[in-house]
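Same order as they appear, the protein sequences are chains F and R.
With the first letter of the first sequence counted as 1, position 233 gets the number 233 in our numbering; the numbers rise by one all the way through.
With the first letter of the second sequence counted as 1, position 114 gets the number 114 in our numbering; the numbers rise by one all the way through.
Among the clues, some could well be false.
As the list makes no split between identical chains, a pair holds if one copy fits it or if it spans any two.
[To be verified] The list that follows gives simulated cross-link-like pairs (lysine to aspartate or glutamate, DMTMM-like), each with its CA atoms no further than 20 Å apart:
no., residue 1, residue 2
1, K188, D240
2, K248, D221
3, K162, E214
4, K248, E161
5, K197, E85
The set of hints was computed from the structure by calculation and includes no laboratory data.
Number of protein chains: 2
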Amino acid sequence: MKKPLILVTNDDGITAPGIRALIEVMKTIGDVVVVAPDSPQSGMGHAITINSTLHIHKINIDDDIQREYSCSGTPADCVKIAVNEILGRRPDLCVSGINHGSNSSINVIYSGTMSAAIEAGIEGIPAIGFSNLNHSWKANFEVSKKYVKSIAENVLKHGLEKGIVLNVNIPNLDEEDIKGVKICRQAKANWKEEFDKRQTPQGKDYYWLSGIFENYDTGEDTDEWALENGYVSVVPVQFDLTAHQCIKKLNTWDFNE
Amino acid sequence: MKKPLILVTNDDGITAPGIRALIEVMKTIGDVVVVAPDSPQSGMGHAITINSTLHIHKINIDDDIQREYSCSGTPADCVKIAVNEILGRRPDLCVSGINHGSNSSINVIYSGTMSAAIEAGIEGIPAIGFSNLNHSWKANFEVSKKYVKSIAENVLKHGLEKGIVLNVNIPNLDEEDIKGVKICRQAKANWKEEFDKRQTPQGKDYYWLSGIFENYDTGEDTDEWALENGYVSVVPVQFDLTAHQCIKKLNTWDFNE
Numbered sequence: 001m002k003k004p005l006i007l008v009t010n011d012d013g014i015t016a017p018g019i020r021a022l023i024e025v026m027k028t029i030g031d032v033v034v035v036a037p038d039s040p041q042s043g044m045g046h047a048i049t050i051n052s053t054l055h056i057h058k059i060n061i062d063d064d065i066q067r068e069y070s071c072s073g074t075p076a077d078c079v080k081i082a083v084n085e086i087l088g089r090r091p092d093l094c095v096s097g098i099n100h101g102s103n104s105s106i107n108v109i110y111s112g113t114m115s116a117a118i119e120a121g122i123e124g125i126p127a128i129g130f131s132n133l134n135h136s137w138k139a140n141f142e143v144s145k146k147y148v149k150s151i152a153e154n155v156l157k158h159g160l161e162k163g164i165v166l167n168v169n170i171p172n173l174d175e176e177d178i179k180g181v182k183i184c185r186q187a188k189a190n191w192k193e194e195f196d197k198r199q200t201p202q203g204k205d206y207y208w209l210s211g212i213f214e215n216y217d218t219g220e221d222t223d224e225w226a227l228e229n230g231y232v233s234v235v236p237v238q239f240d241l242t243a244h245q246c247i248k249k250l251n252t253w254d255f256n257e
Numbered sequence: 001m002k003k004p005l006i007l008v009t010n011d012d013g014i015t016a017p018g019i020r021a022l023i024e025v026m027k028t029i030g031d032v033v034v035v036a037p038d039s040p041q042s043g044m045g046h047a048i049t050i051n052s053t054l055h056i057h058k059i060n061i062d063d064d065i066q067r068e069y070s071c072s073g074t075p076a077d078c079v080k081i082a083v084n085e086i087l088g089r090r091p092d093l094c095v096s097g098i099n100h101g102s103n104s105s106i107n108v109i110y111s112g113t114m115s116a117a118i119e120a121g122i123e124g125i126p127a128i129g130f131s132n133l134n135h136s137w138k139a140n141f142e143v144s145k146k147y148v149k150s151i152a153e154n155v156l157k158h159g160l161e162k163g164i165v166l167n168v169n170i171p172n173l174d175e176e177d178i179k180g181v182k183i184c185r186q187a188k189a190n191w192k193e194e195f196d197k198r199q200t201p202q203g204k205d206y207y208w209l210s211g212i213f214e215n216y217d218t219g220e221d222t223d224e225w226a227l228e229n230g231y232v233s234v235v236p237v238q239f240d241l242t243a244h245q246c247i248k249k250l251n252t253w254d255f256n257e
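Next comes chain F alone, as it looks inside the complex:
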């Protein structure tokens, strides 16, 4: 049987330990091509590079069978250029990650990891974003690998509906403490911003964005609940953002007053 062609990318950059773990797993199930940012791209959301040039370099980080390219662009750029200029065809699967840190709940909106998966989805490629709740560069991805493999194999076996990608988050727990995989909805939550105001040596104000994550969703079917209770969360994510349920009500508004 022909091996599936798997595109691997991320947003922490091509040298991050998380993408190395993801490559290792993918090599056990398919032919792997890596196209990932040459520098960290966290918080890039679904940015694309339209006012600047893009550069790709063939590189060789570990001496193994996968083909690897670093790209000067965003995660979404990586997927676009991989499909159009490097692979020459749609891969059978695109995986992004493993992110160092959570992309659960509202973080899906800000996530470079998920933007790569969503871009692949837009191009009709089955796609998964993987994140580990440990944001340390020294995070242990060994426990994650089993779940990454199982979820990727399921996607290859069953396919994904058109317009859907998966957002997978893995708790930072020992293997025996993970209870399994739970299909979830995105919890309603947001960041309460706190700007850290400082002064330049010249006395001008500047700011660092920081904040506290606030989950105000008490449902037990959310990704936040799953992760807090020891499950790997899987949220099916769509990029049709239409709030169909609101159309009827908006049609009662009068725009000719």
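Go by the hints and put chain R onto chain F.
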């Protein structure tokens, strides 16, 4: 009656003609504070600045009553810093635009204009992104103003459901050729990428991202249909990306094989 407090932002930068037109309209219905990027941010998606500092400057572009600040960050940063550091409270309305160019259909994902509106929505502020289909810097926004005003006034009057913002696109037509406002869903469409491959003076390859927009949705309830047929399109947009309809099917998958 107390005037509503209106936050105005965009992604083309604080000096763009589109935001000037938007400010003019908003001054007729409320107290206006402008916090917008100091340089163009098109294609930034929902990027936020977490690995760099943010700077804001009080400026005075036209000699009028609104307060204006330029910000070194992305459109989403502008909304965050406006609410937390400048306004000191949630505004009654946040409007973003008027963008020079379309943000219909899948463009909502890549749009800096819409990311500002979505960020405001996440923070619980009624919000609207406005775009004009003419991407020229010399676009005529006079025709747009009537619709911008009517839609903004409707949002102030009726409010928006929690979790919903509006994506408004205005066709590049003379006033008498616009048929009115149409509530729509996001058309299923994507960009067929075309990378323009060039060489540096030193002989290295580099790329410019470009592409052709492909609408493969034949529905007459979409934003693309509305715009092609002379309507102003209004799409209710949500940031809960969960594909709820897929959860049941995913629950039949076996992750313990």
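Consistency of the hints with the structure:
In this homomeric assembly, K188 and D240 come within 20 Å of each other (Cα to Cα) both inside a single copy, at 18 Å, and across copies, at 8 Å. Only between protomers do K248 and D221 lie at most 20 Å apart by alpha-carbon distance; the minimum there is 12 Å, versus 28 Å within a single protomer. Taking the shortest alpha-carbon separations for K162 and E214, only the inter-copy value of 16 Å comes in at or below 20 Å, while the best intra-copy value is 32 Å. When the C-alpha separation of K248 and E161 is checked against a cutoff of 20 Å, the pair qualifies only between copies, where the shortest distance is 13 Å, while the shortest distance within a copy is 26 Å.
Taking identical chains as interchangeable, the C-alpha atoms of K197 and E85 lie at most 20 Å apart only when they sit on different chains, with a minimum of 9 Å there against 44 Å within one chain.
When each numbered hint is compared with the structure, no violation occurs for any of them.
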